[in-house]
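Enquirer: Residue-level listing of the chains:
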Amino acid sequence: SQQGEEDPQALSIQEGENATMNCSYKTSINNLQWYRQNSGRGLVHLILIRSNEREKHSGRLRVTLDTSKKSSSLLITASRAADTASYFCATVPSGNTGKLIFGQGTTLQVKP
Amino acid sequence: KAGVTQTPRYLIKTRGQQVTLSCSPISGHRSVSWYQQTPGQGLQFLFEYFSETQRNKGNFPGRFSGRQFSNSRSEMNVSTLELGDSALYLCASSPGTVAEQYFGPGTRLTVT
Numbered sequence: 009s010q011q012g013e014e015d016p017q018a019l020s021i022q023e024g025e026n027a028t029m030n031c032s033y034k035t036s037i038n039n040l041q042w043y044r045q046n047s048g049r050g051l052v053h054l055i056l057i058r059s060n061e062r063e064k065h066s067g068r069l070r071v072t073l074d075t076s077k078k079s080s081s082l083l084i085t086a087s088r089a090a091d092t093a094s095y096f097c098a099t100v101p102s103g104n105t106g107k108l109i110f111g112q113g114t115t116l117q118v119k120p
Numbered sequence: 014k015a016g017v018t019q020t021p022r023y024l025i026k027t028r029g030q031q032v033t034l035s036c037s038p039i040s041g042h043r044s045v046s047w048y049q050q051t052p053g054q055g056l057q058f059l060f061e062y063f064s065e066t067q068r069n070k071g072n073f074p075g076r077f078s079g080r081q082f083s084n085s086r087s088e089m090n091v092s093t094l095e096l097g098d099s100a101l102y103l104c105a106s107s108p109g110t111v112a113e114q115y116f117g118p119g120t121r122l123t124v125t
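If you're matching them up, the sequences are chains D and R in order.
Here the working numbering is used: the first residue of the first sequence is 9, the next is one more, and so on.
Here the working numbering is used: the first residue of the second sequence is 14, the next is one more, and so on.
Careful, some of the hints might be misleading.
[As the list claims (entries may be wrong)] Anything over 10 Å on all C-beta distances counts as not near chain D; from chain R, calculated:
id : residue
1  : LYS26
2  : ARG28
3  : SER44
4  : PHE77
5  : SER78
6  : SER99
[What the hints assert, rightly or not] With a cut-off of at most 27 Å between alpha-carbon atoms, the simulated DSSO-like pairs for lysine-lysine come out as follows:
id : chain 1 : residue 1 : chain 2 : residue 2
7  : D       : LYS34     : R       : LYS26
8  : D       : LYS78     : D       : LYS34
9  : D       : LYS34     : D       : LYS64
10 : D       : LYS64     : D       : LYS77
11 : D       : LYS64     : D       : LYS78
12 : D       : LYS78     : R       : LYS26
[As the list claims (entries may be wrong)] Partial selection, computed: residues in chain R whose CB lies under 10 Å from chain D:
id : residue
13 : GLU61
14 : LYS70
15 : PRO74
16 : PHE82
17 : LEU101
18 : SER107
19 : ALA112
Think of the hints as simulated: they come from the structure by calculation, not from any bench.
For every residue, glycine included, the Cβ atom is placed at its ideal position computed from N, Cα and C.
Just need the whole structure built from these sequences, with the hints factored in.
Expert: Structure (structure tokens):
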């Protein structure tokens, strides 16, 4: 079964606005990762945050992790039409190497 | 480096047949994982191979099997195909046990 739950399921914003997606998970993790998928193609890795980290940045992306609440958020700042895609959080459970447990994803539409 | 490649990209099979999908990982990556993506169940982990050994397995019936060769290339086999096996099958390779994964473009399997 899916471990991660994402919120919202769909998000529509204007170019230049910020987009925030949230992810919750159920068990202890080694790390949490965010991926992007365009139109049913392969997934692209965006960022990885380890269980002992609280915040991480990569370009216009900011990820936070709260292990006490078992939740994470992905913030995309100054969004662009090219950011239109589905975004998935995925966890690597503690002691379970090589296995990603995905959430259901958030579909982001950025209107030009 | 070349990315993860998957062949074939599209496949149409009939119920009861079997199918073999192939995945070539990024050079130097020894971990290869397989995922199934459907609109209803989302992204689900099938199995992971590392140095020719299946290290992790998801909750799929025995009709789903795989293997990894000494050059890290991997194959996935589904026997006695069912309509519900129609999905996008994604392969991913990783440089480490709990590191980020690099996905191929996927094989879209349609079972009629």
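Enquirer: Each of the hints needs a verdict: does it hold here or not?
Expert: Hint by hint, here is what the structure shows:
1. Interface exclusion of R:LYS26 from chain D stands, the closest Cβ pair being 19 Å apart, more than 10 Å.
2. No Cβ of chain D comes within 10 Å of the Cβ of R:ARG28; the nearest lies about 23 Å off, and the non-interface call holds.
3. Non-interface status of R:SER44 relative to chain D is broken: a Cβ of that chain comes within 10 Å, the nearest being about 5 Å off.
4. Chain D leaves R:PHE77 outside its interface by the beta-carbon criterion, the shortest separation being 15 Å against a cut-off of 10 Å.
5. Against the 10 Å criterion, R:SER78 stays outside the reach of chain D, whose nearest CB is about 17 Å from its own CB.
6. Every C-beta of chain D lies more than 10 Å from that of R:SER99, the closest at about 13 Å, which supports listing it as non-interface.
7. Under the criterion of a C-alpha separation no larger than 27 Å, the hint pairing D:LYS34 with R:LYS26 is inconsistent with the structure, at around 37 Å.
8. Proximity of D:LYS78 to D:LYS34 is assessed by CA-CA distance (about 7 Å); at most 27 Å being required, the pair is judged to hold.
9. Annotation: proposed proximity of D:LYS34 to D:LYS64 holds, straight-line Cα distance about 21 Å (limit 27 Å).
10. Distance hint between D:LYS64 and D:LYS77 is fulfilled; the C-alpha atoms sit about 17 Å from each other, no more than 27 Å.
11. Restraint check for D:LYS64 and D:LYS78: satisfied, since their Cα atoms lie roughly 16 Å apart, inside the 27 Å limit.
12. Distance hint between D:LYS78 and R:LYS26 is unfulfilled; the C-alpha atoms sit about 41 Å from each other, more than 27 Å.
13. The beta carbon of R:GLU61 comes within 4 Å of a beta carbon in chain D, closer than 10 Å, and the hint placing it at the interface holds.
14. A hinted interface residue such as R:LYS70 counts as satisfied when its beta carbon comes closer than 10 Å to some beta carbon of chain D; here the least separation is about 9 Å, so the hint holds.
15. Interface restraint check for R:PRO74: the shortest CB-CB distance to chain D comes to about 16 Å, outside 10 Å, so the restraint is violated.
16. Taking 10 Å as the C-beta contact cut-off toward chain D, the hint placing R:PHE82 at the interface is violated, the least distance being around 17 Å.
17. Among the interface hints, the one on R:LEU101 holds; its C-beta lies about 6 Å from the nearest C-beta in chain D, closer than the 10 Å criterion.
18. Annotation: R:SER107 was flagged as interfacial toward chain D, and the flag holds, the nearest CB pair being 7 Å apart, inside 10 Å.
19. Below 10 Å, beta-carbon pairs count as interface contacts, and R:ALA112 has one with chain D at about 7 Å; its hint therefore holds.
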